[in-house]
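Novice: As a plain string of letters, each chain reads:
Number of protein chains: 2
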Amino acid sequence: MIQKLIRQIQEKDAPIVVGLDPMLSYVPEHLTKAAFEQYGETLEGAAEAIWQFNKEIIDRIYDLVPAVKPQIAMYEQFGIEGLKTFRRTCEYAKQKGMVVIGDIKRGDIGSTSEAYAVGHVGTVQVGKNRFRGFDEDFVTVNPYLGTDGVRPFIQVCKEEKKGIFVLVKTSNPSSGEFQDRLVDGKPLYQIVAEKVDEWGREHMGDTYSYVGAVVGATYPEMGKALRHVMPNAYILVPGYGAQGGKASDLAPYFNRDGLGAIVNSSRGIIAAYKQDKYASFGSRYFADASRQAVLDMKLDLKQALGKGV
Amino acid sequence: MIQKLIRQIQEKDAPIVVGLDPMLSYVPEHLTKAAFEQYGETLEGAAEAIWQFNKEIIDRIYDLVPAVKPQIAMYEQFGIEGLKTFRRTCEYAKQKGMVVIGDIKRGDIGSTSEAYAVGHVGTVQVGKNRFRGFDEDFVTVNPYLGTDGVRPFIQVCKEEKKGIFVLVKTSNPSSGEFQDRLVDGKPLYQIVAEKVDEWGREHMGDTYSYVGAVVGATYPEMGKALRHVMPNAYILVPGYGAQGGKASDLAPYFNRDGLGAIVNSSRGIIAAYKQDKYASFGSRYFADASRQAVLDMKLDLKQALGKGV
Chain A
22 MIQKLIRQIQ EKDAPIVVGL DPMLSYVPEH LTKAAFEQYG ETLEGAAEAI
72 WQFNKEIIDR IYDLVPAVKP QIAMYEQFGI EGLKTFRRTC EYAKQKGMVV
122 IGDIKRGDIG STSEAYAVGH VGTVQVGKNR FRGFDEDFVT VNPYLGTDGV
172 RPFIQVCKEE KKGIFVLVKT SNPSSGEFQD RLVDGKPLYQ IVAEKVDEWG
222 REHMGDTYSY VGAVVGATYP EMGKALRHVM PNAYILVPGY GAQGGKASDL
272 APYFNRDGLG AIVNSSRGII AAYKQDKYAS FGSRYFADAS RQAVLDMKLD
322 LKQALGKGV
Chain B
22 MIQKLIRQIQ EKDAPIVVGL DPMLSYVPEH LTKAAFEQYG ETLEGAAEAI
72 WQFNKEIIDR IYDLVPAVKP QIAMYEQFGI EGLKTFRRTC EYAKQKGMVV
122 IGDIKRGDIG STSEAYAVGH VGTVQVGKNR FRGFDEDFVT VNPYLGTDGV
172 RPFIQVCKEE KKGIFVLVKT SNPSSGEFQD RLVDGKPLYQ IVAEKVDEWG
222 REHMGDTYSY VGAVVGATYP EMGKALRHVM PNAYILVPGY GAQGGKASDL
272 APYFNRDGLG AIVNSSRGII AAYKQDKYAS FGSRYFADAS RQAVLDMKLD
322 LKQALGKGV
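Sequences listed follow chains A and B, in order. The numbering used here applies: residue 22 is where the first sequence begins, and numbers increase by one. The numbering used here applies: residue 22 is where the second sequence begins, and numbers increase by one.
One chain only, chain A, in its complex shape (with noise of 0.2 Å):
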């Protein structure tokens, strides 16, 4: 599947992942009236509104664009219907031909961890057949309860050639507060790196492993850092565009194959109908407006990163 992720991203030139990550606030109202009148005001009323507001998305921009990423939280805050339309949404993006990366942070001790990554990446047996529950291709891991909680990820991704992508450094402002810490002169969020990377060699593709980092665009110097950490580690770039981190700044996250990184947008490509810049649009051609700011954002990083990439 890493394979298959850095293939898409040099067929359609774009080092890019869409974040799916709804709010209802972002559905135009003529898809939330849509579904109100089919469902009510009702959790099924918003998970259909948010599952035609996906679906309009990724028919837009899948010839664009690698892969998505949805945050399985703005589905689980909808309970049982919106998580159905978290899996049907992926079901959705890979038939399109995208690699679906599920924005999940688990991670637990081994047992429930292992539960976890059969929920998600791999199969769970029921008499004697075999289901997936959830099924996307990569996950974003959370790696506090060291090794044996992230180990289980790996042995199922082994298994089903599928990946993660464990939290390194987040894009959030407090991420330092633990995550720089100063462990024996290096901060902590490099002694997951070097953890990533030691992880990484157990399962490797051809030229990087599939096991990846998340790295925030919003710490550039920390990219470049980790960069070097993690030499065979894809790093998922959160913070672009909305939460403030630059193109300008994306160049260390890449390796000189101009491979090894992938940048997350969400709110700025799922909801761009709603800046400034694509209001002409108009709420009804909100997909067309995703369209056109991932145009403008794949423009944005190849004039930062040169034709490399």
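Please note that the accuracy of each hint is not assured.
Identical chains share a label here; the pair holds if one copy fits it or two copies do between them.
Taking lysine to any residue pairs in the SDA-like style, the calculated list, with each CA pair at most 25 Å apart, reads [claimed, not checked]: (1) Lys54 - Val145; (2) Lys245 - Arg202; (3) Lys298 - Ala268; (4) Lys319 - Gly61; (5) Lys267 - His249; (6) Lys245 - Thr228; (7) Lys115 - Pro273; (8) Lys105 - Gly61; (9) Lys105 - Gln73; (10) Lys117 - Glu58; (11) Lys149 - Lys295; (12) Lys295 - His51; (13) Lys33 - Gly327; (14) Lys245 - Gln24; (15) Lys76 - Gly279; (16) Lys105 - Arg151; (17) Lys105 - Gln146; (18) Lys105 - Leu45; (19) Lys54 - Arg151; (20) Lys105 - Thr63; (21) Lys33 - Pro252; (22) Lys105 - Asp156; (23) Lys76 - Leu52; (24) Lys54 - Met225; (25) Lys295 - Gly131.
For the record, the hints were derived by calculation from the structure and aren't laboratory data.
Chain B: place on chain A using the hints.
Specialist: Frame of chain A; chain B shown alone:
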């Protein structure tokens, strides 16, 4: 809700929480057979078997035990159907008067943590209505992203009079890999504990805070130190029993008032009938074995902790 938890612990004279972390292999054959006859060897069949298993255990222990802690991963592995059983289990335990601690270990950047909080301990707005996606009384939270990943949970909990338990020192073997690393001469788990104490002051009950901590039974010397760092925090203690934690090690987790900690046992209670000790109950009376295991755990804790508890 922290008041309710304390009151329940006092009334039932048991600082015990039962982890409802069912593996399909724990469910006795007569239950899986009945469920598979109705739904086939499907995710629905598995979810039904686990629901019947949980229900019977709750029915046999609710008068003895103040709280249950369903581990969501064990349900999530069965996808949507499994999560329906998670929801149903939480609802049923609450109907029986128990406090429900959702062991979800979520944690993300602010806006995303807010969605998790809304989904698990709050309400989500859809049009003019508000709904509860899931509905636990407490949830466990992963602190790796720092204050802005934790505070949205606290905000929602303030409105709802609910609470959280923040992972400080987990019970698994490799928990020390990052959690024990020294930062300014102090282990990271202590730095996290100091934050828990600080966060906890924002949301106090009468005597204890709504912001508790997870500290594994398997590291008693750390439990002792952490008790002092977080005097107002209720400590949720996993790792007793099957994971190797002993009752005799648990005294330091409690305060002088005999309160301040609640000890979890999962497998040791819910799969008790599989142990030699309780084999005579037979698989059909698995829930009676669980009840006996609760009584034995209660006695074990009482002997080790003295009658102060």
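Novice: All hints are to be evaluated individually against the structure, with a verdict given for each.
Specialist: Cross-check of the supplied hints:
1. For the identical chains of this complex, Lys54 and Val145 are inter-copy neighbours only, at 18 Å across copies versus 38 Å inside a copy, given an alpha-carbon limit of 25 Å.
2. Taking CA atoms no more than 25 Å apart as the test, Lys245 paired with Arg202 passes in both settings, with 18 Å inside one copy and 24 Å between copies.
3. Taking the closest pair of Cα atoms, Lys298 and Ala268 come within 25 Å of each other only inside a single copy of the chain (18 Å); across copies the shortest separation is 63 Å, beyond that limit.
4. Within a single copy, Lys319 and Gly61 get their C-alpha atoms no closer than 39 Å, and across copies no closer than 48 Å, so neither meets the 25 Å cut-off.
5. For a Cα distance limit of 25 Å, the shortest separation of Lys267 from His249 inside one copy, 21 Å, qualifies, whereas the shortest one across copies, 44 Å, does not.
6. Taking the closest pair of Cα atoms, Lys245 and Thr228 come within 25 Å of each other only inside a single copy of the chain (20 Å); across copies the shortest separation is 47 Å, beyond that limit.
7. Taking identical chains as interchangeable, the C-alpha atoms of Lys115 and Pro273 are never at most 25 Å apart, the minima being 30 Å within one chain and 52 Å between chains.
8. Taking CA atoms no more than 25 Å apart as the test, Lys105 paired with Gly61 passes in both settings, with 17 Å inside one copy and 21 Å between copies.
9. Taking the shortest Cα distances, Lys105 and Gln73 sit within 25 Å of each other both inside one copy (13 Å) and across copies (23 Å).
10. Proximity of Lys117 to Glu58 under the C-alpha cut-off of 25 Å is found in neither arrangement, the shortest distances being 29 Å within a copy and 37 Å between copies.
11. In the homo-oligomer, the alpha carbons of Lys149 and Lys295 lie at most 25 Å apart only across protomers (22 Å), although the nearest pairing inside one protomer, at 50 Å, exceeds that limit.
12. In this assembly of identical chains, the alpha carbons of Lys295 and His51 lie at most 25 Å apart only when taken from the same copy (15 Å versus 56 Å across copies).
13. When the C-alpha separation of Lys33 and Gly327 is checked against a cutoff of 25 Å, the pair qualifies only within one copy, where the shortest distance is 16 Å, while the shortest distance between copies is 68 Å.
14. Only within a single protomer do Lys245 and Gln24 lie at most 25 Å apart by alpha-carbon distance; the minimum there is 24 Å, versus 49 Å between protomers.
15. Proximity of Lys76 and Gly279 under a CA criterion of 25 Å is satisfied in neither setting, with 31 Å inside one chain copy and 55 Å between copies.
16. Both within a single protomer and between protomers do Lys105 and Arg151 lie at most 25 Å apart by alpha-carbon distance, with minima of 19 Å and 19 Å respectively.
17. Proximity of Lys105 and Gln146 under a CA criterion of 25 Å is satisfied in both settings, with 21 Å inside one chain copy and 18 Å between copies.
18. When the C-alpha separation of Lys105 and Leu45 is checked against a cutoff of 25 Å, the pair qualifies both within a copy, at 16 Å, and between copies, at 23 Å.
19. For the identical chains of this complex, Lys54 and Arg151 are inter-copy neighbours only, at 17 Å across copies versus 39 Å inside a copy, given an alpha-carbon limit of 25 Å.
20. In the homo-oligomer, the alpha carbons of Lys105 and Thr63 lie at most 25 Å apart both inside one protomer (14 Å) and across protomers (17 Å), since each shortest distance falls under that limit.
21. For the homomeric pair Lys33 and Pro252, the shortest alpha-carbon distance inside one copy (23 Å) is at most 25 Å, but the shortest distance between copies (56 Å) is not.
22. Taking the shortest Cα distances, Lys105 and Asp156 sit within 25 Å of each other both inside one copy (12 Å) and across copies (18 Å).
23. In this assembly of identical chains, the alpha carbons of Lys76 and Leu52 lie at most 25 Å apart only when taken from the same copy (11 Å versus 40 Å across copies).
24. Taking identical chains as interchangeable, the C-alpha atoms of Lys54 and Met225 are never at most 25 Å apart, the minima being 48 Å within one chain and 42 Å between chains.
25. For the identical chains of this complex, Lys295 and Gly131 are inter-copy neighbours only, at 21 Å across copies versus 43 Å inside a copy, given an alpha-carbon limit of 25 Å.
The earlier numbered hints that this structure contradicts are 4, 7, 10, 15 and 24.
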